[in-house]
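Peer 1: Chains as they are written, first to last, in the numbering used here: chain A, 232 to 534; chain B, 162 to 504.
Incorrect hints may appear among the rest.
[What the hints assert, rightly or not] In silico lysine to any residue, SDA-like type, Cα no more than 25 Å apart, as pairs:
no.: 1; chain 1: B; residue 1: Lys-465; chain 2: B; residue 2: Ile-375
no.: 2; chain 1: A; residue 1: Lys-511; chain 2: B; residue 2: Arg-501
no.: 3; chain 1: A; residue 1: Lys-341; chain 2: B; residue 2: Ala-279
no.: 4; chain 1: B; residue 1: Lys-255; chain 2: A; residue 2: Trp-487
no.: 5; chain 1: B; residue 1: Lys-247; chain 2: A; residue 2: Arg-388
no.: 6; chain 1: A; residue 1: Lys-405; chain 2: B; residue 2: Ile-371
no.: 7; chain 1: A; residue 1: Lys-511; chain 2: B; residue 2: Tyr-240
no.: 8; chain 1: B; residue 1: Lys-479; chain 2: A; residue 2: Thr-247
no.: 9; chain 1: B; residue 1: Lys-379; chain 2: A; residue 2: Trp-487
no.: 10; chain 1: A; residue 1: Lys-511; chain 2: B; residue 2: Lys-255
no.: 11; chain 1: B; residue 1: Lys-383; chain 2: A; residue 2: Asp-530
no.: 12; chain 1: A; residue 1: Lys-392; chain 2: B; residue 2: Asp-423
no.: 13; chain 1: B; residue 1: Lys-383; chain 2: A; residue 2: Lys-341
no.: 14; chain 1: A; residue 1: Lys-392; chain 2: B; residue 2: Lys-465
no.: 15; chain 1: A; residue 1: Lys-392; chain 2: B; residue 2: Ser-461
no.: 16; chain 1: B; residue 1: Lys-464; chain 2: A; residue 2: Thr-521
no.: 17; chain 1: B; residue 1: Lys-479; chain 2: A; residue 2: Leu-381
Calculated directly from the structure, the hints in this document are not laboratory data.
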Amino acid sequence: MAYNCVVLVKQVPDTTRITGEAMNPDGTVNRGALPAIFNPEDLNALELALDIKDKFGGKVTAITMGLPTASTVLKEALYRGADEAILVTDRRCAASDTLATSYILSCAVKKLDPDIILCGRQAIDGDTAQVGPQLAEKLGVAQITYVEKLLQLEEDRIAAKRSFGNGWQEVRGKLPVLLTVVEEANEPRVNVAHRMMKYKNAMSKADVEKQIRAENPDMDDEAFNNAVNAEVTKLENKGILIKQWDLDFLAADLQWCGRDGSPTKVHRIQSVVLAAKGAKDVEATDQGITDMVHELIEDNTIA
Amino acid sequence: MIQVNRSGEVWVFAEQREGDLEDVAIELLSKGRELADQLGVKLAAVLLGDKKAEGLTEKLGHFGADKVYLVVNPLLEHYQTNSYTKVIHDLIHKYEPQVFLCGATVCGRDLAPRVASATKAGLTADCTDLQIGDHEIRRTGEVHKDLLFQIRPAFGGNIIATIINYDRWPQMATVREGVMPMPEPDGNRKVEVVRDEAHLGTQDLALEIINQHIEEKKVNLKGARVIVTGGAGVGSKANFKKIWDLAHCLGAAPGATRAAVDLGFIDHDHQIGQTGTTVRPSLYIAVGVSGAVQHVAGMSDSKKIIAINKDPNAPIFKVAHYKIVGDLNQVVPRMIDSIREKV
Ligand SMILES: Cc1cc2nc3c(=O)[nH]c(=O)nc-3n(C[C@H](O)[C@H](O)[C@H](O)COP(=O)(O)OP(=O)(O)OC[C@H]3O[C@@H](n4cnc5c(N)ncnc54)[C@H](O)[C@@H]3O)c2cc1C
């Protein structure tokens, strides 16, 4: 049996490389100063989906919700083996928290009617691990979080091993199911050369618009729209169009999207600046260390 | 979704396994107690399980709960996403708590988002602190009083965000293990038990648990009075013996940075920091540790901190009480000698 897999991917700022320059004076993070990358554990989710396709056949669709620039991660998903890529983008998605995000994504995923939905365990910009389970709830499907290994896939039955950090659990269930995948699950494959050749010009409608505008700054609206549509059709015929969906296309209920659909709000953001406590300097000599140990015994810190 | 309900209780999910309460549930009770007192409402624990769970109600009272909502059903023996979500969702709609807290354990991080999604409530993950405070919406001047401030590191630990949720309740948060102190039990505290029914059928058990294995943690970092942590600066697994030796002569637990774990000096159980254990011992000795924010997040509440580093500008010195600039290969043996002499 072949499986229809949908993988949710996210473009994230590389928070592992935050330096002083990436912080604004007011303590907020200057996202622009950080390289944008494919969220690491989403690569593990994609790999698991590709692995399922290799073994059983079927289809892998990568979806992301984000700014038009997020099409970069979709292209990367295509390079690695995804069959189709979908960009969910709309100004009205801005300021969505995890609840609103999961609602919007649920509208998109429902259109694809998948057997298996795969997400990375969590994204490194927020580390919340919330969108996967929240999406599973909205889709009304079972979830297996922290998946470390797929044990069985047969007809509509799935079994997987979950990692607990200090242990593991093996569970079995029925499709459709949502999996969140941990880093230990696999080693993501790298870009495949012939796929890079094929998809290097893959674009979303937003990418096309940007390109045509840049090349023809003075074009009138009608000519512009015609040019965009012609190019989009061309890409579609070549099989290298990144589909682009907005909230109207998804028929999403706006009260659950963006700021309105997000119960959590930011009250305050502070940067982590450590103020020195005024440490006592201890000479690294026998005398210095003995004195310190003595002091710690005196005040009962050392029993 | 429930509406803002000022008289709602503060709820804590009493995570249990095989009739044993997880530490994080007790830690949540201590924080929950503070919040409930500030809000002038009751603190309740939400306890689900089979018969084995019934024995835990008194203990929850001793650790600060005024009430326990107890739901006993054979189908609740093991934690399962769908069944637990359904029961908790129903309880929330029936009793309308204002705050609902879960541990940020594998189980809590599986459950809380599912409940939040079903309830359409806001949820903040992995909080390291919770407070009560007011929020003013600058645009309108409208003030929301006595909200739950959900405080958490974000962006890989480089910023601290305070999140609030003023219109769709309950205000939900998961809280990291070990960040709230364990309270002392009070054997005289009585608790009110409210029994509730679970409307469950086997269709609510979406998964079947075939097999599981939970290892006892090999090291008890949270309970240790003294911790000696080695970082990448220790240099090799062989040299990490110095850390074990120093720990040994102090009766301390050995800790490690992520870099030391990644380099294979010691096992992951020993990792301290944002993605490891959070600790607050009486004495913390950081050896060859640079003091990255993600590490400091897990140890800065230690009562006394000694830092040993050959780089006088290492950030770890900013949180230290005793600063020793020098080569750990000389300093650590000297410390061991002088401790052996004195103790
Ligand atoms: C999302 C995220 C989560 C993370 N979570 C954690 C976490 O939970 N815990 C954690 O620890 N890290 C975590 N990290 C990693 C963290 O950013 C640092 O990389 C790590 O803490 C550095 O470990 P270290 O101090 O041992 O190594 P280094 O930064 O390499 O520091 C080694 C230090 O040893 C000193 N040194 C070297 N030789 C000697 C000597 N002979 N004598 C004395 N001093 C010497 C050096 O001066 C240096 O300061 C996380 C990172 C990210 C991005």
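Peer 1: So, for every hint listed, does it hold in this structure?
Peer 2: Hint by hint, here is what the structure shows:
1. In summary, the hint linking Lys-465(B) to Ile-375(B) is not supported, as the alpha carbons are separated by about 33 Å, beyond the 25 Å threshold.
2. Restraint check: the Cα-Cα separation between Lys-511(A) and Arg-501(B) comes to about 23 Å, which is no more than 25 Å; the hinted pair holds.
3. Distance hint between Lys-341(A) and Ala-279(B) is fulfilled; the C-alpha atoms sit about 17 Å from each other, no more than 25 Å.
4. The hinted pair formed by Lys-255(B) and Trp-487(A) meets the criterion: a straight-line CA distance of about 23 Å does not exceed 25 Å.
5. Between Lys-247(B) and Arg-388(A) the CA atoms are separated by roughly 23 Å; this keeps the pair inside 25 Å, and the hint holds.
6. Restraint check for Lys-405(A) and Ile-371(B): the C-alpha separation of about 14 Å stays at or below 25 Å, so the hint holds.
7. Simply put, Lys-511(A) and Tyr-240(B) have alpha-carbon atoms about 49 Å apart, too far for the 25 Å limit, and the pair is violated.
8. Between Lys-479(B) and Thr-247(A), the direct Cα distance comes to roughly 21 Å. Compliance with the 25 Å bound is thereby established for this hinted pair.
9. For a cut-off of 25 Å, the pair hint linking Lys-379(B) to Trp-487(A) is broken: about 45 Å separates their Cα positions.
10. For the given pair, Lys-511(A) sits about 56 Å from Lys-255(B) by alpha-carbon distance, which is inconsistent with the 25 Å threshold.
11. A hinted pair counts as satisfied when its Cα atoms are at most 25 Å apart, and Lys-383(B) with Asp-530(A) qualifies at roughly 22 Å.
12. Between Lys-392(A) and Asp-423(B), the direct Cα distance comes to roughly 23 Å. Compliance with the 25 Å bound is thereby established for this hinted pair.
13. For the hint pairing Lys-383(B) with Lys-341(A), the CA-to-CA distance comes to about 44 Å; that exceeds 25 Å, so the pair is violated.
14. Only pairs whose Cα atoms come within 25 Å are accepted, and Lys-392(A) paired with Lys-465(B) is rejected, the gap being roughly 41 Å.
15. Only pairs whose Cα atoms come within 25 Å are accepted, and Lys-392(A) paired with Ser-461(B) is rejected, the gap being roughly 35 Å.
16. A C-alpha spacing of about 20 Å is found between Lys-464(B) and Thr-521(A), which places the hinted pair at or below 25 Å, so the restraint holds.
17. With a CA separation close to 45 Å, the supplied pair Lys-479(B) and Leu-381(A) exceeds the 25 Å bound.
Hints 1, 7, 9, 10, 13, 14, 15, 17 from the list above are not met by this structure, while the remaining hints are.
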